[in-house]
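Chain order of the listed sequences is L, S, G and V. Using my numbering, you'd call the opening residue of the first sequence number 626 and step up by one each time. Using my numbering, you'd call the opening residue of the second sequence number 2 and step up by one each time. Using my numbering, you'd call the opening residue of the third sequence number -4 and step up by one each time. Using my numbering, you'd call the opening residue of the fourth sequence number 46 and step up by one each time.
Accuracy of the hints is not assured; some may be wrong.
In silico DSS-like cross-links for lysine-lysine, where the CA-CA straight-line distance does not exceed 30 Å [stated by the list, open to error]: (1) K995/V with K244/S; (2) K960/V with K981/V; (3) K184/V with K226/S.
DEER-style ranges, computed between Cβ atoms [claimed, not checked]: (4) T694/V with P45/G: 56 to 62 Å; (5) E384/V with I245/S: 39 to 45 Å; (6) P45/G with V997/V: 27 to 33 Å; (7) A140/V with E181/S: 33 to 39 Å.
If you want a taste of the chain L side facing chain V, the calculated C-beta under 7 Å gives, among others [stated by the list, open to error]: (8) F919; (9) I1135; (10) G1136; (11) N1138.
Read the hints as simulated data drawn from the structure, not as lab findings. In this text, a Cβ means the ideal position worked out from N, Cα and C, and glycines have one as well.
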Amino acid sequence: MTVVSSAFKNKRRLPPCRAACPAEVNVQGYMALLQQGKFKESVELIRKSMPFPAICGRVCFSPCQDACSRKNIDQPVGIRYLKRLAADIEREQGRIKPDAVPKTHNEKVAIIGAGPAGLSTAYELAKLGYPVTVFERMPEPGGMMRYGIPDYRLQKYVVANEIAYIQDLGVEIKTGVEFGKDIEIDTLRNEGYKAIFIANGTQLSTKLGVPGEDLEGVFPAVEFLRDVSLGKTVDVGEKVAVIGGGNSAIDAACTSLRFGAKEVTVLYRRSRNEMPALPHEVEAAEKEGVKICFLVAPKQIIGEEGRVKLIECLRMKLGEPDASGRRRPVPIQRTEHTYGVDTVIPAIGQMPETSCLPSILLDERARAISVDQLTLETKIPGIFAGGDVVTRPASVIEAVGAGKRAAVSIDRYLNGANLRTGREEEIEETTWVKDWEKITRKSERYTAPHIDIGRQKVSFEKADELLTKIKAVATFEARRCLECGLCTECLGGEELCEADKAVVDETLCIGCNVCAIVCPFEAVKKNETGVAQVNEDLCKGCGTCSASCPERAIGMQRFTDSLILTNVAATLGEPT
Amino acid sequence: MMFRPKIVGFLCNWSLPQEVNTTGTGIIQGYPKIRIVRVMCIGRIDPVIVLETFVKGADGVLVIGCHPPDCHYIEGNLQAERKIKMLKKLISRTGLEPERLRLDWAYASETELFATIIDDFRTQVAVLGPSPLAGKKPDENVLAGIMAAKAVTGDSRLRTLVGREKELIEEGNVYNEKVEQEEFDEVMNESIDEEYVRSRIRLLVKDRPMSVEGLARHLGLDPKKVLRHIVVLRHRGLVALDKIEREDPLYIALEVT
Amino acid sequence: MTKSEFEPKIVGFLCNWCSYAGADLAGVSRIQYPPTLRIVRVMCSGRVDPVFILEAFRSGADGVLVAGCHPGDCHYLSGNYKLQRRVSMLKKVLEQFGLEPERLRLEWVSASEGDRFATVIKDMTEKVKKLGPSPLNNGG
Amino acid sequence: MKDKVGAVLVVGGGIAGIQASLDLANSGFRVYLLDESPSIGGTMTQLDKTFPTNDCAMCILAPKLVMAGRHPNIELIMGAEIKSVEGEEGHFQVALVRKPRYIDEEKCTGCGVCARKCPIEGIDEFNEGLGERTAIYVKYPQAVPLVYAIDRDKCIGCGTCQEVCKAGAVKYDEKEKRIALHVGSIILSPGFEEFDPKLKGEYGYGRYSNVVSSIEFERILSASGPYGGIVLRPSDGKVPRKIAFIQCVGSRDAKIGNNYCSSACCMYAIKEAIIAKEHNPDLQCTIFFMDVRAYGKEFDAYYNRAEEEYGVKFVRSRVPQIGEVLESQNLLVKYVEDENPATEEFNLVVLSVGMRPPKHAEELAKTLDIKLNKYNFCSSETFSPLETSRPGIYVCGAFSSPKDIPESVAQASGAAAKAASSISSAREMLTTVKEYPPERDVSGEEPRIGVFVCHCGINIGGVVNVPEVVEYVKTLPNVAYAEHNLYTCSEDTQKRIHEIIKEHNLNRVVVASCTPRTHEPLFRETVREAGLNIYLFEMANIRDQCSWVHMHEHEEATEKAKDLVRSIVAKTRLLKPLKKPMIDVTPIGLVIGGGLSGMTAALELAKQDFEAHLVEKEKELGGHLRHIHYLLGSEDPQERLGSIIKEVTENEKIHVHLNSELSDVEGYVGNFKTTLNNDGEKKEIKHGVVIVATGAMEYNPNEYLYGVDERVVTQRELEERLTNGGFNAKTVVMIQCVGSRNGEHPYCSRICCSQAVKNALKIKELSPETDVYVLYKDMRTYGFLEDYYREAASKGVLFINYDDENRPRLVQENGKLKLTVWEPVIKTWTPIEPDLLALSVATLPNPDNEHIAKMLKVPLSKDKFFLEAHMKLRPVDFATEGIFLCGLAHWPKSIEESISQACAAAARAATILSKEALEVEGAIANVNEDFCSGCKICESVCAYNAIEMKEVDGKPRAHVLEALCKGCGVCGSSCPTGAISMLNFTDDQILAQVRAALKEETKYD
């Protein structure tokens, strides 16, 4: 497969969306494929960057969308939605079954924890031909993806399907094996594992630290969601109070509703815009009936016969920003008030279970594994760590990103190469419009056309027609991508690639500068000798300059005048 | 048999509905009534190409671009709009009905709108009947008119004006004054008139030398005006005196090296 | 006069101040005369060395005209008298060579005698045409 | 008081302004030449040909334009107007405002790309609206300065020109610029404004397409005009068969307040008719006139040739009205012939429009605080024609009174003299000497010749196939470069030649175009500026001596052109660089003739601090002025004569030599030695220049019983009687053109008409009841004299027209004079019995002219007046350097014209006297001492004693006195041993030229 544009080579100049994604997913690439309705190929392209298109399509906080430069015109491209749609279509129409990657290396690698970080490292190393074994404590692989996120947000079959893809590549997953109990670092070394990657995530909930915390009915969020995902039925009673503002708090609240709770209240000590949870998830929860009280923090939990009855809280006001940059809540005296509750679910954070880890790996306050930020190598050579166990609770995509970086380090470690060289350059964002004020903004907000598919049964043809309509909307949305990157690297190959560049015939150009006037991308300008010159990095290939040049001195590499005229002749069936 | 107009649709890639077959001959199942020629942006369409399409026998040319301000290349569609406005004025002088050329806006996602535009244009062209240029023996006069128009759109004068129009009107000229649209149109119309007649004259005297009176009779113009055009053409080195017959100087076109 | 008829070639030595100016005046007044004359400008007719005249004949001239200012008009006072003596001597020499003396002609033409200059050329062309091509001239 | 400023402001860059500027700049003054339009040249640039020589206007004007454009002491200020003038003679403070032209004059090369790409078109005023030009334009291709300008009303500001301009010369933000100048004197030469024929509605100008103005017709005739020199009708581009010229449109027309005559229209109408017929011989031209006023030098000869040789019809009738035939757009001209009305159909009508004062004459007069006359022209006195009402401000050209080009050029030099004399002490104060690049040493280099073949519009290109000649020239050995140009002498081509010499490393240049006599200095200047010695240049004359004289034999003319160019190239191959020796100048002038002209010239030289010797044959000064007692107008001639004589005699710089005659003149410019014969006593004078002002003589009639009957007198005798009271006649008859315009003197004596009107008015003043008849062929009271003609007619003077067939007959019958006159209106011979018959006798050349001409070795014209170097280019110079001419010796003329010409002669003389040393001809004799046998033949034949024997190690050898040798070459061709070679005309150069003229080069035998 060859790629046309010369831009591909300088990798470090990335479009804003790709630069914002921790896993550097080639958004522009799969957008280009979607534009041409190539759904299958676009999923394949995503998989080149990371293994969980469907999962991220559902739960990712999508930093790429916030960075999308289309926001300067109307609103960003719906990247996350399109990724999910592509992955779902591919899954429903029969996922591509990759054949196992031949083992070209013999150094065995052990990965602790089958969460997003672990699986991502396994995925990358498997692709490189390493024999990888993943040890997972829980009965099923997936970590937080399976046990941390409720089903309504992330269906289990989706997680299973994506993990199966990794297994198809040849990754061996051993479940029910607990690190620190069944296996330890030394046992692994003895079994011949040359490198170990610890990614067992955060198992413990953070304590509220208020009296009455250990009353019955106080059900930490992590365990609550894990039990639910394990299929246990949990009785939460009528009134539930959830403490905390993160995703797990919202998940716990919504799950409580689904378990019959009538009144679910989320108590959060800061205000709305400090909530770490995804805004659209918070809105969905409120719509489902969850009440959220801001600037409230529990003072104590009052129980009756060992069972929680009331929870007394204090009003807060926001003071100076704390280490995380968020403003520290300060209690206001004498504002105690109580809520009647049957269950209290604290969701104020999670902590890794560090007791099973050698102390040398831990940071000074022994609350997470300390690693070299760039190489993810721990104090012990050959042992790496990543994901929530290092960064404490973070998003799936950040874990995947960490996994990718760890895989690179492990690969270099096993080949004895220096871990750091060439990895420090920072990324330079490319965008082709220099000043956005000049661009006419669209007056009304763009709203995607709503397709009501409802739940009713549909015949097979209707479904197919419905799917075509969905695909049409998807392609239109994909077409809104402004292609900020130099080359879409869509790996679509020569015949697919439509990248076109203007070319100036210097003998004809008299330097009248009309081309520079009509080109909004400032891609063609007069050079010092007074002749028009095309900057191939910026030229989008629209061809306006070619049609406007008074001396007809500018042609296009691909869409030449003669090509267009031959197309015209062809369509007309050249008149005799 | 019922007249089925041959219509060529120049469609911008970004406003082309998904189901339209983008490669191959452009005649697609859903729309047998129109022949699609896909371009990355309708800004790419050179006025000369539109006129060449009519010469090749199209009954109608439909240009569909992204609805402003929605253009993948920001203002390609706006530049095309001004080019087509100029083209229509030029075509109306050739004897070909300007209604055979139409510019319209559409969204890729709104396939129905796309379909209605095509149908509406199809009926409009059907009413006009086959193009005088189509078929075995195209109308001599209109063909000469279109060929002259083609030469004019290839020449730098009109292309400079239409290329600079948007900037002159929206951002202002070199004296930091905004040019009024009416004032610009006046200059444009005058330039179109002059250059078109000059181009007709030059083509007429290409094959055989003609006198001012002969040219005036052929073009139905006042001999005084024709003489003024001959003066300009001579000054530009495009036409020269061939010989004088009795009291009529005959002029012949010069090949411009 | 058909093309094939003999077109004599005449070399004219004209002095800058009078006869050359006379030739210019014939031009300014658009007085037409046959295109047989090839003019060589000298500052004064006195400058014309007999060698020049002989070389002209040797190089194929059918006739040679030497024209200066009217006696007394000469810008350099007496150059034209010197010429007069040389030409009369030369005519005798030409005769011995077998060249008709009429092929060499001396004329006085002033700056204001445009028409006279033209008549001299017309007349000389006729005479030389009658004499036919110069015997020295191998019909070149 | 403050010392004077050595600079002059010349307002108006027409031919007059340019001539004045050149004369001043060449005599040590800085000149600011100001013009409203973007380039200089004025109306003359629009003319096709000029009368009476039919020279192409551009060919005359281009050398002057180029010299003015390049002159280090002339600064062109284009597109400017005067805002205020303070101060007085010697130091004026002038405030100017220069309108923005939006192009940087330094950077613009005049390449024309901007105009080719400008999308905006407008009416081309230069071609009088017959064509189009773009918003960014240059008036005409040979404009000086060759800089484009933007027409701000037309331009929409699209920016194309700035982008495509490679020289980066376009500046849209240029603002109006205020300029302050300090000058010593000011010359006004703003020219005239063409009368707008729309004001004469009856002629249908502007309504009928085929009625054009004379200036439009000039453009139609011009090769560089809109129709490429083919005479066409604007309505349908057809070639007209019959053209009518209507004279006096907007002149001699009291109804619209323009009673004066515009002087030049008769002549330019005749010229336009002649040139039109030259374009196509079977064209028929008819001129409708009241009087044909061909009063200038050789004008009548031109008028007669038009009638006899070219068959131009002249109809003496006013044209009341012109109608149009609707269908053919032909024109119906109504006129009167032999008293009965007639109409004739023409394809084209040319209105000979008169001259109005320049557009904002009143404004100019207010700003400069000068008086205008009743027609808004600049008012001046008879005896001070060049001065305005404000001292230090002078006037010349059409702004003083309507006049033609020769008069304007003469007046311009005169104004230059006046302007110079008032600030003479500040000469050389502000001037810079022209710097030339170092001369390239080409010795030892293979000859690399560049040949430039000229089209000269259609003058050459119309006959000779110029491109074919160029292709042929490229095949000649040693020709490194060859090309053809529309006008080789134009400013833009000079720049091209300069660059091509550098680019192709040429070391010799040949220009094949017109005569070296007028254009050699111009091209030598360009070659010198490109670093080559001026003698490495030659010209082939393929116009005057080829295309113009073989107009109907195109192939032969082309072959001849090839031969002429090949011949000159052969000589050029052998050219060597030469140095030009310098000769010193005695700053003293010799003026021959003590009449009004002589005295004025001497006074002007003295005012410019040059010594002058004034030689007068008679025993007292004054010449003809002594017999003039009253003038038209208020001045008293005798009083003015007295004051001039007093001024001359008291001026210690002027040495008056009465009853002295020239006996011998030796030497050359800057070093003349003249011996005077004062009643036998010889006196020798050394001087640098000669001004001939020998005046003229009145014709002594032998017809009409003059000398037989004492009642027949000349106008001068009549004037005597009218002054000393000896007049009491009841009926006086005057007969015009006695001795003029006849076989013997086929020219008009110019001043007799105004003299007759003067005496007629005097008679009516002294005895109103006397009947006065004036029998005339043409009343030639040109310019403002027309007013007096009208006044005489209104006072009852009867003007009766006669022509040569039926001249008035006079007999003496019983003691009475009986005159029978052919009465054209009633067509009978009517008798008149005059008590007194006054004959307006001709003015004849001074019989001494022959003798003086011989001594000074200057030519006489056909009519025995002195022949000037060039009627238009150098009207007061002789061909021989250092000798000048003015007054009646040149041609009969009025007092103002004599004074103007006298000042002009002084100004021209000053260009030489103001220099310490003159560069002299470099092409002189050179002795090779080895060959010289010392036979002394060269010494004997040299007329200038410029060669003498010198002892060289014991043996006599010839030695050339470089300063004296004039390069005639007599010694060169007399030397038996060939020891003497004439530089630039060596034997082998001439032999090569002869051989190449006859045949193709073969390897030399």
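Original post:
Between P45/G and V997/V, does the beta-carbon spacing fit 27 to 33 Å?
Top reply: Hint holds: Cβ distance 28 Å, inside 27 to 33 Å.
Subject >> Outcome of range test on Cβ distance (A140/V, E181/S; 33 to 39 Å) >> reply: For A140/V and E181/S the Cβ distance comes to about 37 Å; the hint holds.
**OP:** For the pair we were handed, K960/V and K981/V, check the Cα-Cα distance against 30 Å.
**Re:** violated, 36 Å
Original post:
Once the shortest beta carbon distance from I1135/L to chain V is found, is it less than 7 Å?
Top reply: With a minimum Cβ separation of about 5 Å from chain V (threshold 7 Å), the hint on I1135/L holds.
Original post:
Is K995/V close enough to K244/S, meaning Cα to Cα at most 30 Å?
Top reply: It is violated: about 69 Å lies between the C-alpha atoms, which goes past 30 Å.
**OP:** Please test the hint of 56 to 62 Å on the beta carbon pair from T694/V and P45/G.
**Re:** Since the Cβ atoms of T694/V and P45/G sit about 57 Å apart, the hinted range of 56 to 62 Å holds.
Original post:
Does N1138/L meet its interface restraint, that is, does its C-beta lie within less than 7 Å of any C-beta in chain V?
Top reply: holds, 4 Å
Subject >> Agreement of K184/V and K226/S with the hint, judged by alpha carbon distance not exceeding 30 Å >> reply: holds, 23 Å
Original post:
At a threshold of 7 Å, is the proposed contact between G1136/L and chain V supported by beta-carbon distances?
Top reply: Cβ of G1136/L sits 6 Å from chain V, so the hint holds.
**OP:** Under 7 Å, Cβ to Cβ, is where F919/L needs to be relative to chain V, so tell me if that hint holds or is violated.
**Re:** Cβ of F919/L sits 59 Å from chain V, so the hint is violated.
**OP:** With 39 to 45 Å as the target window, see if E384/V and I245/S comply at their CB atoms.
**Re:** holds, 40 Å
Comparing the model with each numbered hint stated earlier shows that hints 1, 2, 8 do not hold.
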